[in-house]
Every structure is written in C-alpha cells, then in structure tokens.
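Asks: Since the structure of chain A is already known, use the hints to place chain B on it.
Chains as they are written, first to last, in the working numbering: chain A, 1 to 347; chain B, 1001 to 1167.
Calculated directly from the structure, the hints in this document are not laboratory data.
Note that the Cβ used here is the ideal one computed from N, Cα and C, for glycine as well.
A portion of the hints provided could be inaccurate.
What the hints assert, rightly or not - Ranges of calculated distance between the beta carbons of each label pair, as one might list FRET restraints:
#	chain 1	residue 1	chain 2	residue 2	range
1	A	F282	B	L1135	37 to 43 Å
2	A	T284	B	R1162	53 to 59 Å
3	B	I1155	A	D179	36 to 42 Å
4	B	T1137	A	F25	41 to 47 Å
5	A	L204	B	M1134	32 to 38 Å
6	B	L1135	A	W327	32 to 38 Å
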Amino acid sequence: MEFIQTLLANQVLVSILLSALPLVFIVLMVLVVLYTEMKVAAHIQDRVAYMRTGWHGVLQPIADMLKLLQKEDIIPTKSDKLLFRTAPFIAFTGTYVAYAVLPFSSIYIGSNINLGAFFLVAAGSFVVIGILMAGWASNNKWSLIGGIRSASQMISYEIPTALAVIIVVMITGSLNLQDVTKFQDGGMGNWIVFGGPLPWMQKLMLMPFTLVTFFILFVASIAEVNRTPFDFPEAESELVQGFNTEYSGMRFAMFYLSEYANLFTVSAVVVSLFLGGWSSPFGTFMSGPLWGIFWFVVKAYMFMLIQIWIRWTLPRLRVDQLMFVSWKVLTPWLFVCILGVGLILVL
Amino acid sequence: MELYTIIFYFFTVITLGSTCIVVFSRNIVRAAFALLFAFFGVAGIYIFLLADFIAVTQLLIYVGGIMVLILFSVMLTSHQINVDAKTGVIQTLPAILISACIGGGLVWVFWITDWKVNSQLPIVETTAPKIGEMLLTKYLLPFEVASVILLVALIGAAMIARREKKV
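Bound conformation, chain A alone (with noise of 0.2 Å):
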C-alpha cells in the first residue's frame, strides 16, 4: 500500500486504484463459479454440458462473457428510461460496497472499520432497492411483481441474518469482521460454529445453539441471493424471467454479476462469521497472510458449491411457506438461540 502511494503520489489515485482491486476479484471468481455452475447442474442432471470450447469446456464462461458484451442494449419505449438505466448500477453498487468489509486476510481487508458486520447487513438493503427500480421501471407487469416478491422476501430474511449476528457478537464482543475471525483463529476446534475458543464446559453448553446459528444463518442466506428454493423473484414458470425480463446486453450482465458477487458475498458472510474466516483449519500448519486468503477462498467456494448443490435438487417453496419459514421458524428459533448463548455466557 505504502509502495503504490509513493509510486503514484496522489491519494485519489491510489484510493481510486484500491477500491478496483475486489473487481477484479469478482469477474474472475464469477467466470469460475459460473463454470461450477454449469458443471455440477449438468452432472445432476445427467448431463455433461459444454465439452467443445477448450479442455470439458473450460472457456466458454468468457465467451458467454464477450457475446454479452456484444449485445444489443434494448430500453423498453414505455419504460421509464432514467430508472431503468440506473437500477442495474444500483444493484451492482450494493453487492460491491459489502467487499469493503469482508476480511480476505489477516493484512487484507478493504475498510477495517468497527461495524463490518453490521454494515454488511445494511449493505445488502441497497440491493434490494436496485431490483425493485428494475422491476418497476420495466413497466411490465411480471417485472413488477419479481421486484416487489424479492424486496418481500429480502426484507423478511435480513432479520434472521441479524439475529444470526448478534449470536456471533455476543460470543465474540465484536463486530468488527477482522476481530471476529482473530477470536476464531488456531484450528477447527476454534470456530464459533463449534463454540468458540472458550473453556470446554461452556463450549459444550453453546455448541447446539451455535450449530442451529449456523444452520439458520445459512439458509437465510440462501434467500437473500433468491436462490432456489428461494427464487421467486425469477420464478422462470410463473414470471418469465421475473425483475429483469426487459433486460439485456451489459444491463443484464451486471445483474447476473452483481448476484453471483451477492452469492460469493453471503459465502463469505457465514464463512467469517462461523468458520474461522481466514484462519487455517489446522491451527499454525499452512497459515499466514496468504494462506489466509486460499483458507477464506476455498471455505466460501465450498458454501457455494453447496448453494449450487441445493439450486438444482430442490424444487421452489410457495410464497407463503417462504414467509412461514422466516417468521414462524427461523425468527423463533434464534430468539431462544439468543436467550441460550447469553444465559451461558452470563453464567
């Protein structure tokens, strides 16, 4: 960091220049999951999907890449034009600023301020209002409804995701995601999903509660990337292609971008939160500032790999079983999670 402020002697340059790196990031790692994607989906199915362009068709992630770049950028004439040319910025804008606080290693994290984990939960709110302007500028009725279903369903599964927070806060007394994964560092047997690095009776007290967290947290973040089960808002048999049906070209593509980055994002979310974050599995064996950033790699491409596992053995929920699930059993179950992990650590 010194090196690159020396080297350009302009703090907006060098702001500028830093904020970019997690972009970089993201269209790698999303011409990587999308391959997976593609992949296991095939293998699930039967299938064996692209073979033809390179080795089991590694490449083809770019060319769909390069043909989108190609495409037509069509604006509905009855839409309205300005919203609809912002929304795909805003949705992107909203998966992006969460890269901020996501701690990739023990020296690399964007911003380390004290809030990460509370912010990464505002963040997602930004999200939610790019798809609804989607939806509504589209002027197109199933657009329409794709935006109001998601911002429904988002709003519903961000006070699981909070409450899920405040479990780990409460275990850790921090909300700073850098911390949180310190407090976790040395070895499997110190993750907050087993109980945290406490003294073994009161490890063993938390450790259902911890689990149920974890669980919980997990699919609440299955439905915040409306995912199947979870994925009414693109429901293709009932909403042709849901919020973003007028799109296409580079609009489209930051969308698509924008929730596989939201995907890598939750990923991320429950893998510092529960499972050590950077640190290594194996205490000090393998660990350090760069080991720490294949550690927090790997952990949440194994989530994600389980995420498109779900996507395409599931069927979708009905709405009002995905708001039955949020409400009527998630919420509660934290609420004694809640009320469990504070009396014990109180006691």
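Replies: Below, chain B without anything else, positioned relative to chain A:
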C-alpha cells in the same frame, strides 16, 4: 486532507441535489427514488461527524426499511389511481410561516453551535459500545418505552393483517 474534502462535497451534492428532486419532481416514484439518495448522502455526512453507528443505522433503517415501504406503497398505488402528485401552491401563508420557522430554527442552531472544526484526520473510534452502555444505564427508561411502543405496533400490525384474512 484533499481527498476528504472531495468526498465531503460529493456527499453534500448528493444530498442537496436529490432532495431538490424529491421536492420538485412531478413523478412520485422518481421522487421516492431520489429520497433514497438523500438518505444515503446524509449517512455519508454522519460519518464525517464521526457517528459511524448512526450512519450505518441510517442505511439499515431508512434505506433498507422505510424506503422499501415507501416504494411499495407508491408503486402499488400510482398505476391504479393514476393521479399525478400535486405540485401547485395551495396554502401560501401557512406554508411560508412554517418553512420560515423551521429554516430560522436551523440557522439559529447553526449560529449558536460551537463548531469544532478539525482539519486533521481524527482518530476513528467506534461509538457503538458507548451508545449501548448509555442505552442500558442512563437512558434505560426511554429505551424500554421505545421497545414497548414498537412491540405494540408490531402486534397491532399482525392483528390488522389477520382480521383482513378472515373476511
């Protein structure tokens, strides 16, 4: 601190510009979306006042909650009712009086406040633990009252929703 000045003016322009759109726009949905940027700009200014917790809360509550609520109601009604937002002048005298009072009050507060302008980049420390401590000690009663009111509102909302279902 050149960079911080630029960012400060960036947030100021966002806030003022979008509030102007909120007031002058004839399209009610656009006005609602402009309000979003106004809230966002205010959150940025809170950070300059070193109120990090309030800034993030502003994003969470206003952008994530209240804005979505406003958008819901505006979007679901504007197509059906098909009434443009009224932009004419109705009650000139009361409007001028009230605006003058509020404006005067703001200017008065601006003058009497002892602004501590800090040109150095201040040490950023989180305000969240202090706010939490104060809420649970000195301001426990208002805090509890607010929670009870919110609980009542929640139960009320659930009751209304349920009754509608039965009919």
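Asks: Next step is simple, just say for each hint if it's right about the structure.
Replies: Here's how the hints hold up against the structure:
Checked against the hint of 37 to 43 Å, the C-beta distance between F282 of chain A and L1135 of chain B comes to roughly 42 Å, which is consistent with it. Checking the proposed 53 to 59 Å range against T284 of chain A and R1162 of chain B shows it holds: the Cβ atoms sit about 57 Å from each other. Taking 36 to 42 Å as the suggested C-beta distance range, the pair I1155 of chain B and D179 of chain A conforms, at roughly 37 Å. As the Cβ distance of T1137 of chain B to F25 of chain A is approximately 44 Å, the hint placing it in 41 to 47 Å holds.
For L204 of chain A and M1134 of chain B, the hinted distance range of 32 to 38 Å is satisfied, since their beta carbons lie about 35 Å from each other. Checking the proposed 32 to 38 Å range against L1135 of chain B and W327 of chain A shows it is violated: the Cβ atoms sit about 26 Å from each other.
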